[in-house]
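Chain by chain, the residues run as shown.
Number of protein chains: 8
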Amino acid sequence: MGKKYVRLDKDNAAVLLVDHQTGLLSLVRDIDPDKFKNNVLAVAAAAKYFNLPTILTTSFENGPNGPMVPELKEIFPDAPFIPRPGQINAWDNEDFVKAVKATGKKQLIIAGVVTEVCVAFPALSALEEDFEVFVITDASGTFNALTRDSALDRVSSAGAQLMTWFGMACELHRDWRNDIEGLGTLFSNHIPDYRNLINSFNYNNSDKSEH
Amino acid sequence: MGKKYVRLDKDNAAVLLVDHQTGLLSLVRDIDPDKFKNNVLAVAAAAKYFNLPTILTTSFENGPNGPMVPELKEIFPDAPFIPRPGQINAWDNEDFVKAVKATGKKQLIIAGVVTEVCVAFPALSALEEDFEVFVITDASGTFNALTRDSALDRVSSAGAQLMTWFGMACELHRDWRNDIEGLGTLFSNHIPDYRNLINSFNYNNSDKSEH
Amino acid sequence: MGKKYVRLDKDNAAVLLVDHQTGLLSLVRDIDPDKFKNNVLAVAAAAKYFNLPTILTTSFENGPNGPMVPELKEIFPDAPFIPRPGQINAWDNEDFVKAVKATGKKQLIIAGVVTEVCVAFPALSALEEDFEVFVITDASGTFNALTRDSALDRVSSAGAQLMTWFGMACELHRDWRNDIEGLGTLFSNHIPDYRNLINSFNYNNSDKSEH
Amino acid sequence: MGKKYVRLDKDNAAVLLVDHQTGLLSLVRDIDPDKFKNNVLAVAAAAKYFNLPTILTTSFENGPNGPMVPELKEIFPDAPFIPRPGQINAWDNEDFVKAVKATGKKQLIIAGVVTEVCVAFPALSALEEDFEVFVITDASGTFNALTRDSALDRVSSAGAQLMTWFGMACELHRDWRNDIEGLGTLFSNHIPDYRNLINSFNYNNSDKSEH
Amino acid sequence: MGKKYVRLDKDNAAVLLVDHQTGLLSLVRDIDPDKFKNNVLAVAAAAKYFNLPTILTTSFENGPNGPMVPELKEIFPDAPFIPRPGQINAWDNEDFVKAVKATGKKQLIIAGVVTEVCVAFPALSALEEDFEVFVITDASGTFNALTRDSALDRVSSAGAQLMTWFGMACELHRDWRNDIEGLGTLFSNHIPDYRNLINSFNYNNSDKSEH
Amino acid sequence: MGKKYVRLDKDNAAVLLVDHQTGLLSLVRDIDPDKFKNNVLAVAAAAKYFNLPTILTTSFENGPNGPMVPELKEIFPDAPFIPRPGQINAWDNEDFVKAVKATGKKQLIIAGVVTEVCVAFPALSALEEDFEVFVITDASGTFNALTRDSALDRVSSAGAQLMTWFGMACELHRDWRNDIEGLGTLFSNHIPDYRNLINSFNYNNSDKSEH
Amino acid sequence: MGKKYVRLDKDNAAVLLVDHQTGLLSLVRDIDPDKFKNNVLAVAAAAKYFNLPTILTTSFENGPNGPMVPELKEIFPDAPFIPRPGQINAWDNEDFVKAVKATGKKQLIIAGVVTEVCVAFPALSALEEDFEVFVITDASGTFNALTRDSALDRVSSAGAQLMTWFGMACELHRDWRNDIEGLGTLFSNHIPDYRNLINSFNYNNSDKSEH
Amino acid sequence: MGKKYVRLDKDNAAVLLVDHQTGLLSLVRDIDPDKFKNNVLAVAAAAKYFNLPTILTTSFENGPNGPMVPELKEIFPDAPFIPRPGQINAWDNEDFVKAVKATGKKQLIIAGVVTEVCVAFPALSALEEDFEVFVITDASGTFNALTRDSALDRVSSAGAQLMTWFGMACELHRDWRNDIEGLGTLFSNHIPDYRNLINSFNYNNSDKSEH
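Chains as they are written, first to last, in the numbering used here: chain A, 1 to 211; chain B, 1001 to 1211; chain C, 2001 to 2211; chain D, 3001 to 3211; chain E, 4001 to 4211; chain F, 5001 to 5211; chain G, 6001 to 6211; chain H, 7001 to 7211.
Be a bit skeptical, because a hint or two may be false.
[As the list claims (entries may be wrong)] Derived DSS-like pairs (lysine-lysine); straight-line CA-CA distance at most 27 Å:
| # | chain 1 | residue 1 | chain 2 | residue 2 |
| --- | --- | --- | --- | --- |
| 1 | B | K1105 | C | K2004 |
| 2 | A | K4 | G | K6003 |
| 3 | E | K4101 | H | K7004 |
[Claimed, not checked] Estimated spans, in silico, between C-beta atoms of each pair:
| # | chain 1 | residue 1 | chain 2 | residue 2 | range |
| --- | --- | --- | --- | --- | --- |
| 4 | A | E129 | B | K1106 | 17 to 25 Å |
| 5 | H | P7070 | A | G86 | 47 to 55 Å |
| 6 | F | N5189 | C | D2078 | 48 to 56 Å |
| 7 | H | E7181 | F | N5178 | 48 to 56 Å |
| 8 | G | K6073 | F | I5180 | 20 to 28 Å |
| 9 | H | S7206 | D | G3086 | 58 to 66 Å |
| 10 | B | S1206 | A | N178 | 53 to 61 Å |
| 11 | C | E2128 | A | E181 | 47 to 55 Å |
| 12 | D | N3202 | C | D2011 | 33 to 41 Å |
| 13 | C | N2189 | B | E1071 | 31 to 39 Å |
| 14 | C | A2145 | D | N3202 | 26 to 34 Å |
| 15 | F | N5189 | H | E7129 | 29 to 37 Å |
Keep in mind that the hints were calculated from the coordinates and are not lab data. Here the structure is a predicted model, which means the values were calculated and not measured. A virtual CB, placed ideally from N, CA and C, is assigned to each residue, including glycine.
This is chain A alone, in the form it adopts within the complex (with noise of 0.2 Å):
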C-alpha cells in the first residue's frame, strides 16, 4: 500500500535540465526570481557536484524562447545538449531519449520550466517505460501556484516522487563524512542562512582578535 521508498541513488541518477531558457523565464511566477535562480543553480551544482550525467536541452533557442541560460552551460560544458527543433515534450526527441538511455541510469532527476509542460511531459513519458523519476519542484517553475499545483498532482498521481533540491542533495550524499567540506561549499553557496551559520561558527572558533 502506498508508493515505494525509491531512494536516489548517486550512482544511478542522471539529471535532466530541461527547457530553462532566458526567455521562457519570464513566464515564471510562481516562485520569486532571486530564490528560483538559486534553485536552480543549486540543482546544477549538486549535479556536477555528485557526478551525476547531466542532460541539457532548449524549445527553440532561435526564437522568443530565448537560449538555454549561459551559467547551465557554461557549468555543463561537455554534457549532452539537444536543442529540439520543435517537440514539446522532450521525450519526443529521439536525440534527447537516446542521451538519456545512453546514460544507462534508472533514476531521473526532472526540473524545467514551464513546469506542466516541459517537466510534466517527460516525466510522464518517462514514467511509462519505468524510470523513477524524481522532480524538482522548487527548480521548476510556473506561471502561478494553481498551475504548478495541478501540474504536480498529475505528476505525483502517475507515480513521481516530488523533491526540492536540498533534499535532493541529501539523499545523493547519505553521510557526511563522505565529503564534509564539499557539501557544506554547497550549502553555504545556496542557502544563505546555513552560509550565516557557518560564518558565525567558524568567527567562534577562530582567533577572533585576527578579525
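Chain A is fixed; fit chains B, C, D, E, F, G and H onto it per the hints.
Below, chains B, C, D, E, F, G and H without anything else, positioned relative to chain A:
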C-alpha cells in the same frame, strides 16, 4: 502503480464548457476576474484552433444565473448548445450526454463554473462511463481556494487529470513544427509575458529604423 | 482505478454536526468567523431543507468548551443530541453510533470543530465500518491551514469525499425543477453574491416604478 | 502637529450609505462577501441604534448597477433616498447635499461601493466644506487591495479619519452603562466571536440543568 | 490641514505613459500580468476616450528594455513619442518636458514601469514645478509590493494623489449623462464583472426568445 | 518638517496595558495567537525589566469580556489596576487618568485589545493632552489587518509613534553595557531565533565534552 | 480502497525527535518561530504526558548545526540520545534503529527539522520496515511551503499519516475522563485560545469578589 | 505642502551599513533570505560602483550576533568599520558619527538589520541633525511585516525618504550614457529578470551559429 499517462490527443478529444454564465461568474472568487476571463477565452480559442468538437451548456439562463458569456457563443456559433431545463449535473441531461457521445471522442476536456458542481459532477459521471477526463483547473472557478481544493481532490481521486489551459494546448499540439505561427498567436493573445517576448524578438530582428 | 463516484442521495444520507460549541469556535482560525458561521448555518439549513436525519453531539458542554451553538439546537429541536461525557472521537460513544445507525442511512455528511479531531476521528471510524463519508470542509474549522490540510489528506486518503456545503446542496438536489424557490432561498440566505443576482433579476423583471 | 482627535459624537453625526447596489457589489473583491455583507449591515444597524440621520443614495438603479440592497432600504424606510440621475460624485447632486445639510450635523460617516469613487469623491468634497469626515473602511469595498489602499491614502491625506464599524459604534456609545443590552445585541448580531463569548457566559451563569 | 481635494478635470489634464516597454514589463511582479496588461490598456483607453493629450516615452528601445508596447503606439499614433537617449528620469529630458508643457495642462496623470523610477522620478520633478500629479498606481508596476509601497509613500508624501484607473475615469467623466454608452463601453471592455452585469441586464431586457 | 524624533526614555515612560482580557482575546485575528501571547508578555516583561510604572485596566471583567489575563496580573501585583465600570475609552475614566498622571511620566507606551478602540481611543486622548504616545503595534490586536491598518493610520496621523516591543526595549535600554545579561535574557525568553543564537554561541564556547 | 484507519495507541507508540538543533532551526521558514517553538514543545510535552518512549537524535552538534534545543534535552533527560556522526537519514544509523526497535513499539510519531530530509527520510525507511508512521507536520519545519508540500506529498503517498500535535494528543488520550486536568493543562500550556477559555470559565465559576 | 523632492546625488551621498551580521540575519523574516542577501549585496555593489563613502558598523560581534557578513567586509576593505562596544543606536557611538561627518556628505543612505532598531534609530538621529536620510527598505530586514511597516511609518513621518536599491542606483546614475556597461552589469548581477533580458538580447544580436 499510479495513474497511467493519459495523453491528450487532438483527434480524440472534445471540450465541454459548462455554465460560464454572466450571473454565475460573479460567484467566482478563487481566481482574479481579469485572469479568469483570459483563461476561459484561452480554452475556447484552443478548442477552436485544434478544431475540437465543443459543447456548450447552461443552467437556467432566464433566471439570475444569466446567459452564457456572449464571447463563447460567438466563438462556437455552430456548436451544440444545451440550455438545461433544471439538471444541475449536466450529465443528468440526456441531450448533453447524447451530444457528448455524438462526438465519438474518448477524451473530455471540461471547464466550468462553479468547479465543485458544474465541473466536478459531470467529470465524475464521465469517469464512471470510462471517459478520460481532463479538468482545466484555471478555466474553472468557484467561491474560494478551499472549495476548489476540495473539488479538485475529489475529481483527481476519482481518476481525472488536472491540467491548465497552457498545458492542454501544448499537449494537443505536440510539435511546434505543426504550425508555429498558429500556436504562437494563441499564446501571444493569452499570455502577456509571451507576447512581450515575441514583440521584443521581432523588434530586435526587424530594421529598427522603421520604428 | 481511483475512488468511485459516490453520489450524495437525499434518501440515503444523514448529517453529523460535531462539537460546534461556543468555546471551541474560538479555536477556529483557518476560516474567517463571518464566513465560518455562515457555512455552518448553511449546512444546517441544507440538512433541514432536504429533511436529512441530523445528529448533534458535543464534548464537555459544562466546561470551557461551552454549549452547542444555540442556533443549531434551534434548527434541530428534535434531533438526537448526544453530549458526550468524555469520548473525544464521537464514534467511541455508543449512543452516538446507535443514533447514526438508527437513521438507516449509508451516507454520512460530517462537519465539526476541530477538523483534525472532531471531524477526522469519526470520519475514519465510519469509513472502517463501510459508511460512505462526506466531509464538509468549509463547515469544519481548525487552528490553521497546515493543520487542516494534514487532516484532509488523512481523511481523503482513507476514502472520504471532500465537499463544501454548496456542492453538498447541489448534489442532493439534483434538479432545480424539484423546487426552484426552495433551493433559491437557501442560496439567497447563504451566498451574498447569489442574493444580489436574484435581487437584480427580480428588480429588472418587476415594475420598477413601484420602487 | 498631526491631525486633531476628532471624536465621533452621536448628537452630531450623520451616516451616508453610497451605492451599495446589488450589481455594483459584484465588483467588490477586496473584502470577502460574507464579511462585507455583515460589515455593511453592521454600519446600518449601528446608525439605526444610535438614531443617526442616515441618507441613502444610488447611481443608475435601473441599469446594470442594480437597486440598493433591499435590506438597507428596509432598515431605513423613512430615510432620504436619493437615486442620482447621473452624478458620479454624490456631492455633485444638489438634493444629496441638501439632505446632508438638512441633518444639521457636522460629522459625516461615509461607507459605499466602490471605495475610490463612491466613497472617496464625496468624502473629499465634504472635507473641502469643512465637514469632519469618517470613512468606514470595512463597509466600503472595491476591486482589490491596491485600489483600496490608494483610495484610503488619498482621503486620509486630505484629512478624513479612517475607522471601521466596530470602532465607530464604540466611539459613539462612549460608555457601556448607557445601554449594555443594546450594544451587546449589536455586537452579538455582527461579531460571531462576541456572540460566542456571550453565549458561553450566559450558559455558565444559567442553571445548566435546564439545557 | 491635509492635502486639498485636487480634482481631475478633463480640460486640464494630460497623460504620461512612461517606459511600458516589452522587455521592462518582465520586471513587473507586484501585479499579475493579465491584470496589469488590462490596467495599462484601460488607462490608455480612458485617455483616448476623454481626448486627453498623451505623451509616450521610452528608455533605450534598441537594447534589452525592448520597444514600447505596440498596442500603446497604435492607440496614440499621433501622440508625442520621446525615446530618451539615456535620461532615466524622463523629466531630465528636455523634449519630454517641452512636450508636457506644450499641452498647457496643469494636471499630470502618470503611469509607468517601474514605479519607483520611471513613475516616481518624473512625478517628483513635476511636483517641484507645481504641477498637480496623479499617479495611477494600478497601471504602474514594479518588482514587488515592498518596492511599490516605498515608492508610493515617497510620491504621496511629496504631494501626489494616488489613484487607480477606474477612479481616474470616473473623476474625469463626472456625470454618466455626459455619455452613458461611451463610459459603459470603456468599463465593459476593461472590467469583466461590469461586462457581466451589462450582459445580464441586456439579456433580461431583451426578447429572450431570440437567443 | 515631519514628526520630531521622540525617543523613549526609561526615566520618563509609563506603560498602559488596556483590556488584555481572556474573552476579548478571542476577537484578535490579525496576529497569530502564539505570537500575540508572546508579544504581550514581552511588553510586560520589558516594562518590568525597565521598572516602568505600569497601569492595568479592564472593561467589564464580570461579563463576557472575561478577566485580565492572569499572567499580567501576576507580573504586576502592585500596579494600579482599574477595572472600568463602563467607559470604553479608558481616558474617560477619571481613576485611570489620575493613575497615569500620578506616574509623573510624559511618555506613554500603550498596548491593548482591540487596537482601534482600547488602544486608539486613549492614545488619541493622551495626545490631545500633549503626552508623547508610543503605540506598541504588535502587542495590540484586533479583528483583521484592514481594521488594524485603519486604526494605526488614525493614531499615527494624530502624532503617535508606532513601535513594536523589540524596538521599545532597545530604545529604552540604549546601551548593551548597561546590562548585557538582563537584556539578553529578555530577548532569549521572547525571541526563539535569538535564543537559538545564544544557545549555539554558548555551546561553541563551552567545553563541548561536557554535553 | 484507501489507507486504513491506523489509530494512535499510547501503548504502542514511540516518538522520534530528529535534529531540532539550535542552528538548523534558523532554516525553518514555513512556520513562524513563536508558533514553531510552541508546537515542538507541545509534542515533547505530549510525549512526556503519555509516557511514550522518546528518542532524540542530532546531526553534527559540534558544527554549525548547533546542539539539540536544550529544552528538549531537559524534558527527556533519560531518553536515548543519538548524536549521529554523519548519517543524514537517521535510519542509516544503527544505534538509532536499535533504539527505535528496543521500544518494542509499532507506531512511530516523527517530527524534525528539516521536513523533507530529517523527517521524510527516516519516515520512508520506517514505512519500508512496516512501521506505522505518523508525521507531525506542525512540529516539523523547513525552508518554505513548496518544500514542505513536496515532502508531505512524498511521505503521505508512501503511507504515512499526516497529523498535527493537537490531533496526536487527542487520539492518544481517547477519553477526557482518563485525566481531565492533565490534558487540560497540556492544552492550556500550548494553546493560548484554550487557556483563555479555561481562564474565563474558571473566573465565571469562582467567587469573583475575590479578584 | 508635502516633503520636498530630495534627490540622491552621487557627489553628496554616503552609505551606512548597520549590523548586517551573520547571527542577526537569522532574525530577518519579512524578506526571503535569497532575495534579502541579493538586495544587501546590491546596495553594497551600488555603493562601490558609485564610489560612495561607505561606513560599516556592528553590534557585539563577539557574541551571538555574529560577525559582519564577510562579503561586505570584502567589498569595502578600506571603509571605516566601527564595531560598537554596546550602543544600540549607532548614532550614539561617537566614532560612528565622526566617521559619518568625515565624509562631508549631506545625504545618508541607510540599510541594516533589524529595521526598527539598527536602521530607524540612526535614521531618526540623523534627521534631527538635518541630514537627508534615505532608508533602503529592501536591504533592511526584521521580524515580520507588521514590525517593518511600523518602523517605516516612524521614519517616513520623521522625514526620511523610503527607497529600494534599484531606485537608489537609478537616481544616483541619472543617465545611462554616463556608463551603460557599468550600470548594466550591476543590474545583470542582481536582477535575474534583467539578466535574462540582456542574455536574450545579446543572443539575438550575435551570430547564433556560434552557439
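Now the hints, each set against the structure:
no. : hint                          : result
1   : K1105/B / K2004/C             : holds (22 Å)
2   : K4/A / K6003/G                : holds (14 Å)
3   : K4101/E / K7004/H             : holds (21 Å)
4   : E129/A / K1106/B: 17 to 25 Å  : holds (23 Å)
5   : P7070/H / G86/A: 47 to 55 Å   : holds (48 Å)
6   : N5189/F / D2078/C: 48 to 56 Å : holds (54 Å)
7   : E7181/H / N5178/F: 48 to 56 Å : holds (51 Å)
8   : K6073/G / I5180/F: 20 to 28 Å : holds (25 Å)
9   : S7206/H / G3086/D: 58 to 66 Å : holds (60 Å)
10  : S1206/B / N178/A: 53 to 61 Å  : holds (55 Å)
11  : E2128/C / E181/A: 47 to 55 Å  : holds (52 Å)
12  : N3202/D / D2011/C: 33 to 41 Å : holds (39 Å)
13  : N2189/C / E1071/B: 31 to 39 Å : holds (32 Å)
14  : A2145/C / N3202/D: 26 to 34 Å : holds (32 Å)
15  : N5189/F / E7129/H: 29 to 37 Å : holds (36 Å)
Comparing the model with each numbered hint stated earlier shows that all of them hold.
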